[in-house]
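Residue 399 is where the sequence shown starts when you use the working numbering, and the numbers rise one by one after that.
Note that these hints are calculated values from the structure, not bench results. The beta-carbon is built from N, C-alpha and C at its ideal position, and this holds for glycine as well. Be careful, since some hints might not be right.
Unchecked claim - Straight line, CA to CA, 25 Å or less: simulated DSS-like cross-link-like pairs of lysine-lysine:
#1 K458 with K496
#2 K496 with K557
#3 K669 with K748
Claimed, not checked - Simulated DEER-style distance windows between Cβ atoms:
#4 H806 with N498: 37 to 43 Å
#5 N540 with D810: 34 to 40 Å
#6 R457 with S605: 54 to 60 Å
#7 N723 with T781: 21 to 27 Å
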Amino acid sequence: MSRRASAPLASAGLFAAFAGLAVFAPLPASAADLGGDCCADLEERVAELEATTARKGNRKVSLTVSGYIAQEITVWDDGTESNVYIHGLGPTQASHVKFNGQATIAPGWTAGYMLRIQDLTGNAFAGGDNAINQLNGSNNGNLNTQMSFWYLQSESLGKLSVGRLAHAAKSAGMFTDLSGTQIIDNYTFLAGFPQFRLRTSSGELSSLTWGQLGFCYTQGAPLGGDCNGIVMNGVRYDTPTFAGFSASASWGEDDFWELAARYSGEIAGFKVAAGVGYTSMTSETTSFVVPADHKDSEFFQAGAYVQHLATGLFLHGIYGNEDNNGTALTSGRLEPDSDHYYVKAGIRRKVLPLGATIVYGDYARYNDQLGPAAINMGATSSTLERIGGGIAQEIDAAAMTVYLKYQHYQADIDGISDLDNLEDADFVSFGGLINF
Numbered sequence: 399m400s401r402r403a404s405a406p407l408a409s410a411g412l413f414a415a416f417a418g419l420a421v422f423a424p425l426p427a428s429a430a431d432l433g434g435d436c437c438a439d440l441e442e443r444v445a446e447l448e449a450t451t452a453r454k455g456n457r458k459v460s461l462t463v464s465g466y467i468a469q470e471i472t473v474w475d476d477g478t479e480s481n482v483y484i485h486g487l488g489p490t491q492a493s494h495v496k497f498n499g500q501a502t503i504a505p506g507w508t509a510g511y512m513l514r515i516q517d518l519t520g521n522a523f524a525g526g527d528n529a530i531n532q533l534n535g536s537n538n539g540n541l542n543t544q545m546s547f548w549y550l551q552s553e554s555l556g557k558l559s560v561g562r563l564a565h566a567a568k569s570a571g572m573f574t575d576l577s578g579t580q581i582i583d584n585y586t587f588l589a590g591f592p593q594f595r596l597r598t599s600s601g602e603l604s605s606l607t608w609g610q611l612g613f614c615y616t617q618g619a620p621l622g623g624d625c626n627g628i629v630m631n632g633v634r635y636d637t638p639t640f641a642g643f644s645a646s647a648s649w650g651e652d653d654f655w656e657l658a659a660r661y662s663g664e665i666a667g668f669k670v671a672a673g674v675g676y677t678s679m680t681s682e683t684t685s686f687v688v689p690a691d692h693k694d695s696e697f698f699q700a701g702a703y704v705q706h707l708a709t710g711l712f713l714h715g716i717y718g719n720e721d722n723n724g725t726a727l728t729s730g731r732l733e734p735d736s737d738h739y740y741v742k743a744g745i746r747r748k749v750l751p752l753g754a755t756i757v758y759g760d761y762a763r764y765n766d767q768l769g770p771a772a773i774n775m776g777a778t779s780s781t782l783e784r785i786g787g788g789i790a791q792e793i794d795a796a797a798m799t800v801y802l803k804y805q806h807y808q809a810d811i812d813g814i815s816d817l818d819n820l821e822d823a824d825f826v827s828f829g830g831l832i833n834f
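Make a model of the complete structure from these sequences and hints.
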C-alpha cells in the first residue's frame with residue numbers, strides 16, 4: 399500500500415484510540431465529592447468578568463460602535479511667515495465615535511438610533527479667540543454631541559428619523575465623491591483653514607480671514623461649499639432605493655426645509671454617483687449668528703462622480719448657488735448672492751499590496767461669497783481660488799488611510815483699498831485616518 403493511502407488509516411486508528419480512552423476514563427467527581435468551596439475561584443472570576451464587560455441596554459436592541467480618528471501635520475506659508483501645526487479635521491468630519499442601535503419590530507420593519515460624539519480638539523474650522531491662525535497654533539475644543547436621533551424604517555415604505563441629524567440635502571454634492579479622498583480633501587473649508595488671516599503684499603496682517611471670502615449665509619459660517627452641511631434638530635424622510643435612485647425630504651422648526659435626490663450605480667463599466675439638493679432656510683436658530691434682522695437664504699447644489707472601473711481614472715464635480723433674496727445686514731448692507739464650483743480628477747488603482755493608491759488634483763472657485771466682516775469693511779465683490787492635489791494610500795489591513803496634500807489659496811477683493819493686493823497662502827498637510 400502506498401504512503402498516501404496509509405495516512406487516512408493512521409488517522410482513523412488514532413481517532414479510535416482516543417474514543418476508547420474517552421469511554422473507559424473515570425467520570426469526573428461531583429461537586430459534593432470535592433468540598434463546598436470547589437467553585438469559589440470560578441465564581442470570583444465570573445464576577446470579575448461581569449464587572450468589566452461592556453453591556454448593552456437590553457437583549458432586543460443590537461449595538462454597534464464605530465468611527466475614526468484623523469489628525470494632520472500642516473506646514474504653512476502665508477508669504478511672510480511660515481510654521482508647522484498639528485491639528486484635527488472639523489467640525490463635521492472630525493474624529494468621532496458613533497453608537498448605532500437597531501431592533502427588528504416585524505419582518506421588514508426596524509427601529510433604531512444613532513449617537514455621534516466628536517472630538518473637536520484641534521478643530522481648524524473654529525473661530526473666535528481660540529481660532530487656529532498665524533497667531534495661534536492650537537485649539538482647545540471639547541467633545542461635542544453632533545448627532546442624536548431615533549428612526550423607524552420599512553423596507554418598502556422608507557425611513558423616518560427624528561432628532562439632531564443630517565438633513566435631506568446635507569452634502570448632496572460632496573458625498574458623491576467616491577475616490578476615497580472625500581473626507582481629507584473637498585470643496586469646503588472643513589478640510590481647510592478659514593480662520594487664517596489675509597496678508598497684504600506689504601506683509602501686513604489683516605483682520606479679515608480667508609473664510610470671509612467663502613461665507614455661507616444659510617448657516618452663517620465660512621463653509622465655502624456645502625452651505626447647509628451642519629446638522630440641526632428636525633425630521634427627515636428617506637425613500638427606499640429603487641434601481642440606485644433615492645429621494646429625501648426634511649423639515650425643522652421656524653422654519654427650514656430641504657429636498658434631495660441621489661443616484662449610485664454602475665453603467666457600462668463606469669461607477670457613477672450623482673446628487674442634487676435644495677435648501678430653504680428662514681430659521682434664526684442656525685449654528686452661527688449673522689448680524690441681520692432676519693434670514694431668507696436658499697441654497698442649490700449638484701454634484702456627480704464618474705470612475706472608469708478598468709483604469710481607475712475618475713472625475714468629480716460640484717456646483718453650488720446661494721440666493722439671499724436681498725436680505726440686509728444690521729449695517730444696512732445687503733447679503734450677496736454667490737456661487738461656487740469644484741473639480742477633482744485623478745486615478746485610483748491598487749499598485750501596492752497594502753491597498754488602493756489615489757493620486758488627484760483639484761480646483762475650487764468661490765465667487766462673491768463675502769461674509770459680514772468683509773461687507774462691512776466695504777467689499778463689493780471677491781474671487782477666492784484654491785488649487786491643489788495630493789496622494790493617499792489606503793492600508794486595508796488596518797482600515798487606514800495615510801495621505802499628503804497641498805492647497806494654494808489666492809484671492810482678489812474689490813472695494814477695500816487696503817486689500818487691493820494680497821499675498822497667496824500655501825498649506826502642505828500630512829495626515830492619517832484610521833477607522834474602527
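Taking each numbered hint in turn, which are not upheld by the structure, reported in ascending numerical order?
Per hint list: zero violations.
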